[in-house]
Amino acid sequence: MGLLDETVSVPRRTMTLFFLIDTSGSMEGNKIGAVNDAVVNVLPMLNDISETNPDAEIKVAALEFSSGVNWLYDEPKLAKDFIWQDVTAGGLTSLGGACAELAAKLSRNGGFMQSASGSFAPAIILLSDGGPTDNYEAGLAKLKANNWFKSAIKIAIAIGDDADKDVLKDFTGNSEAVIPVHNIDALKQIIRVVAVTSSQIGSKSSTAGDMTKQDQVIKDVQDAAKNIDGADSADSTATVDSSQYIDDWG
Amino acid sequence: MIESYSYSCQGESHKADNKPCQDASFSAVYDDGLAIAIVCDGHGGERYFRSDVGSRMATEVISESVKTFVENVDKTIFIGKPFIAEEAITSEEVVKKQTPVDIAFRQLFSSIIYQWNQKIAEHAANTAVSEWEQEHVPQKYLDELKTSESFEKLYGCTLMVYVQTPDYWFAFHLGDGKCVSFHQDGALWQMPIPWDERCFLNKTTSLCDSNAINEFRYCYEGDGKFPMAVFLGSDGMDDSFGEDSNLVNFYIQVVKMLVKEGKEATIKSIESDLPQLSKIGSKDDMSVAFIYNIDELKVHIPDFIQYQIDLVKDAIHQTDERISTLNDKLKSIGISILSDEKSRIEADYARQDIERAKKNREKFLIKYDLLDQQLSKEWVKLVR
Chain S
33 MGLLDETVSV
43 PRRTMTLFFL
53 IDTSGSMEGN
63 KIGAVNDAVV
73 NVLPMLNDIS
83 ETNPDAEIKV
93 AALEFSSGVN
103 WLYDEPKLAK
113 DFIWQDVTAG
123 GLTSLGGACA
133 ELAAKLSRNG
143 GFMQSASGSF
153 APAIILLSDG
163 GPTDNYEAGL
173 AKLKANNWFK
183 SAIKIAIAIG
193 DDADKDVLKD
203 FTGNSEAVIP
213 VHNIDALKQI
223 IRVVAVTSSQ
233 IGSKSSTAGD
243 MTKQDQVIKD
253 VQDAAKNIDG
263 ADSADSTATV
273 DSSQYIDDWG
Chain U
26 MIESYSYSCQ
36 GESHKADNKP
46 CQDASFSAVY
56 DDGLAIAIVC
66 DGHGGERYFR
76 SDVGSRMATE
86 VISESVKTFV
96 ENVDKTIFIG
106 KPFIAEEAIT
116 SEEVVKKQTP
126 VDIAFRQLFS
136 SIIYQWNQKI
146 AEHAANTAVS
156 EWEQEHVPQK
166 YLDELKTSES
176 FEKLYGCTLM
186 VYVQTPDYWF
196 AFHLGDGKCV
206 SFHQDGALWQ
216 MPIPWDERCF
226 LNKTTSLCDS
236 NAINEFRYCY
246 EGDGKFPMAV
256 FLGSDGMDDS
266 FGEDSNLVNF
276 YIQVVKMLVK
286 EGKEATIKSI
296 ESDLPQLSKI
306 GSKDDMSVAF
316 IYNIDELKVH
326 IPDFIQYQID
336 LVKDAIHQTD
346 ERISTLNDKL
356 KSIGISILSD
366 EKSRIEADYA
376 RQDIERAKKN
386 REKFLIKYDL
396 LDQQLSKEWV
406 KLVR
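Read top to bottom, the protein sequences are chains S and U. Heads up, the first sequence is in the working numbering, so the first residue is 33 and it goes up one at a time. Heads up, the second sequence is in the working numbering, so the first residue is 26 and it goes up one at a time.
Okay, chain U solo, but in the shape it has when bound:
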């Protein structure tokens, strides 16, 4: 059974000046088997002062456009296609992408941009400057509402979308944030949508860019293989976890909770933990949206735990290597330590780092034991 969930919350850094949550998310599973997950992240700068509205409108436009697209597109253009991923294109490459799927997607993306611009223009024309805007936004940007003919920047946001039909699936992305998919075959997880190197630290491509149409990246597959689960997370999520493996590990926790404790309990945890995560992590708004097949997740839960165990094993191995390297360093320093100040300092550092590494190793061992017990329980269940 395919299920979905989405949630957005205000970031810790937005609480001080009561800035609204500028993320928006959406998810739905329809009777015809269509499932959609969307995360949009409104930009944070002063100029983008209506990006909360922009991101909400983007989710509305995208969900409707995708439904229309799936209803009307000739699905045979997807059928039988293996997994294909396409990067954002530079202006010189526009003519390159001419397969029927590429053309269909380009029409979908154009439609999204057009409708989003229509909606925000309407909103700009009909919505007076609020008290909050008057108080917090520089006048030069408020003036743009009256003097400018285009409002994209004021409402600027990113978008990330996953769509699953009974026959094929596709995903597209413009801007930052991360999409993680989990699979039955091959590697347990991947980030299926190509990354755009222009999204780096606090810089991102955007729906408000003049060249937005060429900044979409996408992927699709129509050979009957579907991910077990796909998670979309705004950059507030991945900035909280740093390394991708930490983000994936969190999503695995979500998967395990969905299987073990059910959807309601998982929703409760997400809604209480994401604000907490923002506080200890990125301080940014947080959004997740995900689609999952609960029956497949149940069958493959040992794979998820095994992946976590492998991750911890790797960490222990790396820690052991570091301790070994530091011990070698200490030995090599040993000879010159009495005469050389730099060597003495380096030796002190090495000793400190060894102590830290040993403490980390103990934590990893606790994690390992915990996960190993979880895996054993799963095997017992399977045997019964």
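This is chain S alone, in the form it adopts within the complex:
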């Protein structure tokens, strides 16, 4: 008889990566196409990170929001199992509804989360090209009271000049965690960089120095954004009009 024999379970630790995707009417066309394309392409990379990471496995969950909200699947899936179903655009921007729905799932009771022991804080990537059309403050207030959300890595991708960066900043709690993009290629590249970086850092046991995981992700994503044509880095997001880029979604 051993202490770690077959009667004892040592489950692999888990980190869940959430995509919150604005699928309102303004995303129609190339923007939503780029999102679909980028997520499909990044999933195998997330699987590589998950399979080669001794610290934790990575699960993925995706919530689309327009006039309503919809989870792509009713539970997070391992990165290797996640089959992306192309999302389509149409309707309004119920960000408040999405926040409330996410808050409900960032829980053990009827939610997606497991015991805090053995879990890593989730990573949440919000993509939006406009401003909320519902009472987002109420939904966000619920989310901000949630312990998992408080601990999460939160990054927002502001798609184009019409994205409400103040709202996205409110969501992430940090203006530097809002990455504006202005063309299709930049959108695709930033989705990849944010998803990969969040997964790599979020699923590690140890952190580098005293930086929080969120700060590490921001730093790495900002560094990457400097080299992506059409993506703004922190120093150019102070004001809406300070970007060196002009929107090009043709």
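Where hints are given, some of them may not hold.
Unchecked claim - Straight-line alpha carbon distances no greater than 16 Å define the calculated EDC-like cross-link-like pairs of lysine to aspartate or glutamate that follow: (1) U/K323 x U/E286; (2) U/K40 x S/D106; (3) U/K367 x S/D87.
As the list claims (entries may be wrong) - A few chain S residues that face chain U, going by a derived Cβ cut-off under 10 Å, partial list only: (4) V40; (5) V42; (6) R44; (7) D69; (8) N73; (9) M77; (10) I115; (11) S147; (12) W180; (13) K236.
Simulated from the structure, these hints should not be mistaken for laboratory data. Quick caveat, the model's predicted, so the values are computed rather than measured. We treat Cβ as the ideally placed atom computed from N, Cα and C, and that holds for glycine.
Once you have looked at the hints, place chain U on chain S.
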């Protein structure tokens, strides 16, 4: 007979940069029947670069303070008291806790904080920056040793303590980690010390907090009932097991080994398995400290096995329910499968999940058979 044991080991993630084990643990059973178990977990961030010393000093201060407390406290304040548990208090509630036990504990906790601060100040004043610190710690934190008048953060740690006397027992906790107690009556196990919701994921309350005195949670009992065993484990332990039931299951394995193979063999296993557990689990430093009554554990060993069997039965039941739900889902999808891409994907998932669930069910059945055989042997022993 009351016995004790404690062990700490370096976490897997600390090996790469040769970071010392920042946990410390202690256990002892004294001639007068006093038994003490302590686990302290030094914080891992760069700023807490002497937390290994802080946790070791905390165990020293606590063991001495507890001995003095038990020698001097009027034990009648505990006698006859049923099990009582008190949560950490917010600043508005300080005046609420005024029973003699609350007042006595507050003095004990104040004494621990004060003496720990004295010890770390002395250490900070007398211990030069080491080569390892020079190489690994940012200068701004090293400077705090010279410029700051308080050193709590550099030495920050959590603490968890169980104390048993012949007349009463108590436990207190500041920070994360888990305390599990096993009982003869009622539920086999419980976590007797209230949890503090501020301890979540990698955040914890700490002995180095400015408001540490109000962050202690505690419990006590003086009505003659004592746990059969109490296990203290640092967060490296519970992070390795995830669900509490898995952690409890591990401690039950320890109990079974203590009874079946004796203390020496159990110690050997713990000392070889905990580093392995860190490697496959949390990667963190690992500590356990426990106090147990071997005679009571021997009598109740069938209860422990029965609990494990019930746990496996529950798992089988849940798996069966999941398979049934997934089969229902497959049936409902069946109608639209030819026309709907989403339905096809959902059906594939359901089939995959059913296969996984069936494999898990087979593993549970093997566990069940194993435990059932163990229980049968115990019943045979009892009949003889």
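When the least beta-carbon distance from S/D69 to chain U is tested against 10 Å, hint result: Violated: closest Cβ of chain U sits about 17 Å from S/D69, beyond 10 Å.
Interface hint for S/R44, Cβ within 10 Å of any Cβ on chain U: At 8 Å from the nearest chain U Cβ, S/R44 passes the 10 Å test, so the hint holds.
Given pair status - U/E286, U/K323, alpha carbons within 16 Å: holds, 12 Å
S/V40 as an interface hint toward chain U, with CB separation required under 10 Å: Because about 5 Å separates S/V40 from the closest Cβ in chain U, which is inside the 10 Å limit, the hint holds.
Minimum beta-carbon distance criterion (10 Å), S/V42 to chain U: holds, 5 Å
Given pair status - S/D106, U/K40, alpha carbons within 16 Å: violated, 39 Å
Per-residue hint verdict: S/W180, partner chain U, C-beta under 10 Å: Because about 8 Å separates S/W180 from the closest Cβ in chain U, which is inside the 10 Å limit, the hint holds.
Evaluation of the interface hint that places S/N73 against chain U, nearest CB under 10 Å: Since chain U brings no Cβ nearer than about 18 Å to S/N73, farther than 10 Å, the hint is violated.
Restraint outcome when S/S147 is required to lie within 10 Å of chain U by C-beta distance: OK, holds: S/S147 within 10 Å of chain U, min 5 Å.
S/I115 as chain U interface residue, shortest Cβ-Cβ below 10 Å: At 5 Å from the nearest chain U Cβ, S/I115 passes the 10 Å test, so the hint holds.
U/K367 paired with S/D87 [C-alpha distance capped at 16 Å]: violated, 32 Å
Interface hint outcome for S/M77 [beta carbon to chain U under 10 Å]: violated, 21 Å
In the structure shown, a violation is registered for the earlier hints numbered 2, 3, 7, 8, 9, in ascending order.
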